[in-house]
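A.B. asks: Listed below, chain by chain, are the residues.
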Amino acid sequence: MRIAQLAPAALAERLEGEGVLLPCGTFSVCIRSDIPALTSGLIQLYADFPVLDPHEVYVDFEVDVSAPTLMRRFLRPQVVLRCDGRVPFKPLPLGQAMPMLEWGLNWVISSHAHDHLVLHAAVVERGGRALVLAADPGSGKSTLCAALIHSGWRLLSDELTLVALSDGLIEPIVRPISLKNASIDVVRTLGPDVVISQVCHDTAKGSVAHMRPPAASVDAMNQRVMPAMLVFPKFATGSALRSEAVGPAHALIELTRHAFNASVLAAVGFDALCGFSEAVQSYRIEYGSFEQVLPEIDRLWQAQT
Amino acid sequence: MSVEALGLCLAPDLHWRVFSDGIAVYVAETCETHLLPAAYGQFMPAAQGPTKAGRVSTVEQTTDAWVAIPTALSDEAVQQLVALGIFSRVDH
Amino acid sequence: MTALRAQPMLLTTTLCHPERARRFDKGDWERLVWQSRAAELMAQLQRVLADADILQKAPLAARRHLDLASTIAERHAFAVRSELRGLQRALQALDVPVLLLKGAAYTALSHRAAAGRIFNDIDILVPKSALRDVEQRLNWDGWFSLHTTVYDERYYREWMHEIPPLEHKNRGTVLDVHHTILPPTSGIRPDPGDLFAASIRLGGEWAFFHVLAPTDMVIHSACHLFFGEFHKGLRDLYDLHQLLSDFSVDTAFWTALVKRARSLDLALPVLDALTQCVRLYETGVPAAVTANLALSSSSPWPGWMRAWLFEQVLRPPHASAHDRSTRLAHWLIFVRSHWLRMPLPLLAYHLSHKLFVE
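Chains as they are written, first to last, in the working numbering: chain R, 14 to 318; chain S, 142 to 233; chain D, 23 to 380.
Since the hints were made in silico from the structure, they are not lab data.
If you're wondering where the values come from, they're calculated on a predicted model, not measured in any experiment.
Certain hints may be false.
Stated by the list, open to error - For lysine-lysine, the following DSSO-like pairs were computed, each having C-alpha atoms within a straight-line distance of at most 30 Å:
no., chain 1, residue 1, chain 2, residue 2
1, D, Lys191, D, Lys281
2, D, Lys48, D, Lys254
3, D, Lys150, R, Lys103
4, D, Lys254, D, Lys150
5, R, Lys103, R, Lys218
6, D, Lys254, R, Lys103
7, R, Lys218, R, Lys247
8, D, Lys254, D, Lys79
9, R, Lys218, D, Lys191
Stated by the list, open to error - Distance ranges between label pairs, derived from CB positions:
no., chain 1, residue 1, chain 2, residue 2, range
10, D, Ala309, R, Pro106, 28 to 38 Å
11, R, His68, D, Asp75, 39 to 49 Å
12, D, Pro149, R, Ser276, 43 to 53 Å
13, R, Arg15, D, Lys48, 37 to 47 Å
14, D, His39, R, Arg15, 17 to 27 Å
15, D, Arg154, R, Ala249, 44 to 54 Å
16, D, Gln158, R, Ser276, 45 to 55 Å
As the list claims (entries may be wrong) - Here are some, though not all, of the chain S residues that point toward chain R, as calculated from beta-carbon distances under 10 Å:
no., residue
17, Cys150
18, Pro153
19, Trp157
20, Val223
Even for Gly, the Cβ is constructed at its ideal location relative to N, Cα and C.
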């Protein structure tokens, strides 16, 4: 059964009671909340997600999104996320409940999935192989990711790339794509089937919204793939297209910066980064528009297969 | 003191991988990753076996692979490499 | 989950009797994993279950969490040993005894209490007269004061008579440099010279460091917990349980402990620690020992209240272990711990600052 098949009232009741168990990367997370925005957010962004049975499926984490104190339900209302009693972030204004859930779930994955190398990178798939996009915040990685999945690529993740330590395969997460500021309107124009949540303004990251992941990507969430290409994208308005190959050692050094759990994994993480760098062709691409970068990515992808 | 007199070897608990464009080195003691020019490959013991395609390969470790480094490196380079924890000085 | 009754003893009972986990259902395993994570006892739990051949009975997902925690703990131990080597290099030139406390000591000793233990701070004890030199050497080595507010600096230097915690600029490890094992303002002053005199110099690669004598190690562990806020209560008591199980092999240990505790005027914290160890981990403490310590202990708070307070706060900090009164108990302990550490006017100032400024 999927979220879309639950009546809103039934979904709200579940969220307030036993919770809703959803797959999240390599974990299953039980979400509880009494905040209406969360019910509507899940319906909008997680419509195609399967609702797991908490009596059958092992619950890895319990996440609760609610007001921090009784007072904060009414006076300048706030929302806080708790995971198994821990509070990873300071409370936020109530209007940011859905972004808080998304940031919270990212935290759950990056803090616990230590049987994987966790990279701050987007990853998409085509033809059974994965393309990883690693970049600093603000480089346009999520927007590019959204554009790619509207031109024939499958979404694995827009934010966290999980590389299994055991075999180097990439694990899909397939959650809503996070968009900031100008990219929100850019992504809206990508196609008629684009679904974007309400925009939250004045967050720590500026204006924030999320795009629903395509149903086909959600359905394929258990298909793990080998990485074939790594791109360090950099967007700047008006920029000319520049693409150059990056050697594996240089790619590794740069990728280390984007490895969230490098310090936890220590030598084993280095080992995984070596395997990853060897397995992929790496490129640095500067661009000013989708018209420039998408064909270039296609060209490089064809060349290496 | 000169490098010849002291002698050098690769530091214990060093991990590295030789690539076409350089050598990535991980120093366990400091948790830092460094990039050495490909020419340093002559100082690293040869890889033990072929890389298996599609698998995460093992990386060479120095715990059993002490190697006396020839004096082709400048003192300055040596100082820096020792400071980073990549080389250790061996007392004979 | 809200409909289920609290399971405050799930974790500790499993640590004492891992074979009971054979009858756990999926929900029990889920709660066990959450409680052990909250209490920072995951790797220790993994070890106990693995040793008892129970781990393979666990659901695969539970096993995954526990195995991961164990692997991380091993790597952490490696990192701690690197830190200690660095500390040795930084302080070697000073002719000053440096005593390792708590986790750092267990690690250097390769004691069972170190197994699976994650700790973010390294604690050392040095003579008060050497504090300035030690701090300077540490600064040169890249260790700098962690707290940046003027208020916090004063709190540490003038009121608590300590160096603020130091953080290493590259690695982020935190180092606490103590010159006494209890805050001087608490009114109880074990003579540090006494502790150094009884201390044991380590051998091998750690020959630079000292550790407390077994009785003092137990007393320090008990005091650290009972003058504090119990954040890591279950974990600290598990360490203590392991220390006691080990040290009590020496038949003279208990007598020495009681004598030492009384002479330092610390019979009450030690009595409390032993009582709780027995309650939670079934530590083998002879009845005569607790009776003896009780003779030298008194508290202004009634016995039933203290027992209730300890029972409440020594639960894993997870909802499945709590009932309604747990929060109240935590608040009372918070007030108590500060009351024990400082005179009343100072306490009022400190609490009001924490409440209204932070």
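A.B. asks: Next, verify each hint and record whether it holds.
C.D. replies: Hint by hint, here is what the structure shows:
| no. | hint | verdict |
| --- | --- | --- |
| 1 | Lys191(D) - Lys281(D) | violated, 43 Å |
| 2 | Lys48(D) - Lys254(D) | holds, 26 Å |
| 3 | Lys150(D) - Lys103(R) | violated, 38 Å |
| 4 | Lys254(D) - Lys150(D) | holds, 27 Å |
| 5 | Lys103(R) - Lys218(R) | holds, 15 Å |
| 6 | Lys254(D) - Lys103(R) | holds, 22 Å |
| 7 | Lys218(R) - Lys247(R) | holds, 18 Å |
| 8 | Lys254(D) - Lys79(D) | holds, 28 Å |
| 9 | Lys218(R) - Lys191(D) | holds, 27 Å |
| 10 | Ala309(D) - Pro106(R): 28 to 38 Å | violated, 58 Å |
| 11 | His68(R) - Asp75(D): 39 to 49 Å | violated, 28 Å |
| 12 | Pro149(D) - Ser276(R): 43 to 53 Å | violated, 34 Å |
| 13 | Arg15(R) - Lys48(D): 37 to 47 Å | violated, 23 Å |
| 14 | His39(D) - Arg15(R): 17 to 27 Å | violated, 43 Å |
| 15 | Arg154(D) - Ala249(R): 44 to 54 Å | holds, 52 Å |
| 16 | Gln158(D) - Ser276(R): 45 to 55 Å | violated, 28 Å |
| 17 | Cys150 | violated, 19 Å |
| 18 | Pro153 | violated, 12 Å |
| 19 | Trp157 | holds, 9 Å |
| 20 | Val223 | violated, 20 Å |
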